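Modelling step: build the complete structure from the supplied sequences, incorporating the hints.
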Amino acid sequence: MCTYITKHLEIAGSAKGSSGWFPATTASVYFDHPVHAPADHTLNIDVLNLSLGPEHRVALELDPASARSLAQAILELVDGLPAVNR
Amino acid sequence: MRYDALLAETITIHGHGSDAIEAYSARPLQPGPLGGVVVIHHMPGYDRATKEITRRFAEAGFNAVCPNLYSREAPGASPDDAAAIARARGGVPDDRLVGDVAGAASYLRGLPNSNQKVGVIGYCSGGRQAVLAACSLDLDAAVDCYGAFVVAAPPPEAPIAATPLRDRLADLRCPLLGLFGAEDAHPSPAETAELEKILAEHGKTYEFHSYQGAGHAFFAVDRPSYRPDAANDGWQRILNWFGRYLTA
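Those protein sequence lines, which keep their order, are chains Z and X. Plus 3 on top of the position in the first sequence (first one is 1) and you've got our numbering. Plus 4 on top of the position in the second sequence (first one is 1) and you've got our numbering.
Check each hint, because a few of them may be wrong.
Label-pair restraints from in silico Cβ distances [unchecked claim]:
| hint | chain 1 | residue 1 | chain 2 | residue 2 | range |
| --- | --- | --- | --- | --- | --- |
| 1 | Z | PRO67 | X | PRO159 | 14 to 20 Å |
| 2 | Z | LEU73 | X | ARG241 | 38 to 44 Å |
| 3 | X | ARG113 | Z | LEU78 | 53 to 59 Å |
Some chain Z residues well away from chain X (every beta-carbon gap over 12 Å; in silico) [what the hints assert, rightly or not]:
| hint | residue |
| --- | --- |
| 4 | GLN75 |
| 5 | LEU80 |
| 6 | ASN88 |
The set of hints was computed from the structure by calculation and includes no laboratory data. Computed from a predicted model, the values in this text were never measured in an experiment. No residue lacks a Cβ here, since even glycine has one placed at the ideal position from N, Cα and C.
In structure tokens, the structure reads:
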């Protein structure tokens, strides 16, 4: 199935894609068919800069367990930061 | 010996608002007259798999063209990058889709070997768009391959600004073939049954098949969802359908 469920986030940071580093401004997170990963469905993340064009993109296709591990690791690290850095 | 040759190439057609958009054309090198098929690509974009489908229609004796629905957002981009941009921007607006399919149909009818009959087929999100086009344009046959949100509303988080077509189905202008997976959730068997009921109430010509053991995207040969039995039977039904309604 296509779940079509997509979450869009405004983000601030940098990402490195096929054309080098760029300011990352948007992220799409969705569970849908992958382009490359050998699975019916994956948790996909696109980090984008819509104003710079389609080649400014970093893509991830993760199996759900990997996506959960990644999310937990990020939350543990961010939650452990001093309040001033959050 | 039957001479078997086709020409497949990237072309420019004029779509919604007379915009110049990219398209992939595949045509048998035959004098005709031949029917034409507009192929609507799935949400992952104007990719290799969709171009293979387009060539298959040419091999089967139809002029075929697949418009790149993401031409405007991402001209020249790789299909997955273009699809990501389109997803982030909310997908393809319905009026633009109809205009692009109209442009593709006009291109097919303008070919010297055209018999002036044109059908439309779409996969996944393109299935709904094929139904939309068939409710909006003068086409001769349509095929919906597991299109979601024809009768049910998409979830609020859906990336596409799709509205159900329930109120448009009375305007369906051509016979509709629907091919679905019994294990699909979008569209679910209940949704396809409801669609079939509405078409029957409106006295439309349609034929639906739901394949046991198949889910979404069972035609996709490059994905684990591929189900050869369903796909082979489905291809035969598609070619029979277009043969019946697009052949002079």
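Exercise for review: Identify every previously stated hint that the structure contradicts and give their numbers, smallest first.
Suggested key: Of the numbered hints given earlier, the structure breaks none, since each of them holds.
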